[in-house]
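Asker: Each chain, written out:
There are 2 protein chains.
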Amino acid sequence: MSQDLFLNHPITTKSFAIIDQEIGQHDFDALEYKVVRRVIHSTADFELINSLSFSPNAIKKGINALKKKTPIVTDVTMVKQGVLSLVNKTFKNLVIASVNQTSGSNPGKTLTETGLLKCCNTYPRGIYVIGNAPTALLTLCQQILLNKIQPSLIIGAPVGFVSVLEAKQALKRVNVPKIIVQGRKGGSPVAASILNALITLAYKNELP
Amino acid sequence: MSQDLFLNHPITTKSFAIIDQEIGQHDFDALEYKVVRRVIHSTADFELINSLSFSPNAIKKGINALKKKTPIVTDVTMVKQGVLSLVNKTFKNLVIASVNQTSGSNPGKTLTETGLLKCCNTYPRGIYVIGNAPTALLTLCQQILLNKIQPSLIIGAPVGFVSVLEAKQALKRVNVPKIIVQGRKGGSPVAASILNALITLAYKNELP
Chain U
27 MSQDLFLNHP ITTKSFAIID QEIGQHDFDA LEYKVVRRVI HSTADFELIN
77 SLSFSPNAIK KGINALKKKT PIVTDVTMVK QGVLSLVNKT FKNLVIASVN
127 QTSGSNPGKT LTETGLLKCC NTYPRGIYVI GNAPTALLTL CQQILLNKIQ
177 PSLIIGAPVG FVSVLEAKQA LKRVNVPKII VQGRKGGSPV AASILNALIT
227 LAYKNELP
Chain V
27 MSQDLFLNHP ITTKSFAIID QEIGQHDFDA LEYKVVRRVI HSTADFELIN
77 SLSFSPNAIK KGINALKKKT PIVTDVTMVK QGVLSLVNKT FKNLVIASVN
127 QTSGSNPGKT LTETGLLKCC NTYPRGIYVI GNAPTALLTL CQQILLNKIQ
177 PSLIIGAPVG FVSVLEAKQA LKRVNVPKII VQGRKGGSPV AASILNALIT
227 LAYKNELP
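Just so you know, the sequences run in chain order U and V.
Mapped onto the numbering used here, the consecutive letters of the first sequence carry residue numbers 27 to 234.
Mapped onto the numbering used here, the consecutive letters of the second sequence carry residue numbers 27 to 234.
Repeated chains share a single entry, so a pair holds when one copy, or any two copies, can fit it.
Here are the simulated PhoX-like pairs of lysine-lysine, each with C-alpha atoms no more than 25 Å apart in a straight line:
1) 118 to 93
2) 86 to 174
3) 230 to 40
4) 135 to 40
5) 135 to 115
6) 86 to 115
Honestly, the hints are just simulated from the structure, not real lab data.
Okay, chain U solo, but in the shape it has when bound:
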């Protein structure tokens, strides 16, 4: 997500037109496609069209939560940076990076995981955007299974080679509105671009 790209910036419009032309066949509905297109825009990786999945009404639920100024919890600061500019220009939700919520070390846990547990207590119905740490996503899923939290939406896009597939499998199994980037791919710009697409949809009032 470029920090120069405002809603309807001419470079964005031109990029979207190129993606529309090159994308080929797909099964996404109109709203889903706007999210997919933004992800491709931020990565130039058309392979991601085969990885994105949406639970029923995830986009609509995410949009409603954004409009209600639901706090947004990210795993790492790069994801926070990727959404902050558009959030501040639109619904001005609180944006919290889990990794910054803790300074102490917790044996056997990553900083992101420890910080995320703290956020779960404070924001049990938050919008959670995970672009990096599979441990954060696994922790989120455990908290849902324990009935401790009920997030308004989870964007599950950690990236990498260790625990990433397991974390995404765990997210598939819990009952929560979710948008998942399946497989090993994901990352901060992917997670941020999914949320930015929802903000744009919400702000443009494209939903009844």
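Given chain U, put chain V in place with the hints provided.
Answerer: Same frame as chain U, but now just chain V:
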């Protein structure tokens, strides 16, 4: 680049072992491969091994500049966030995001471009890390052609569909130490992971 991943974190070691196993044939030398591996680690995108190119001694020159505490200039704040943690744990170079160096609008120019011009004046021999804005990279190349700056290293990894290939072509033509992610792909984590790989190499004293 995970903010949980310190040098030699066991998850990083395990991920690197998986990449070593899966990468197959390539022509990179030992130092280059450490950069390539870190890029794949941050994206899970093996396709990038075909996109990365290094000018002669770019890695060695980048490492020397890092050790001399040369200021690091990024285009956007996501790239800054991606490198800040490791920089602060190692050589403590100044890290500046161009986009934050200007508040005024400059007709026909992006914020990043205007901010970058300002950074060129202040840090003519800086390490420039571009992970998003092709306009920033084009501006950098113009300043080199005008003999106004001589960066210690340019990491050219903007992403997208408009002006990105042109900016990378321009970088290829100027005489400067450079690491380029060719094609449309790139992005903040890619740019950050290239610099983080160099920091790790420099800090571990892997060079004579």
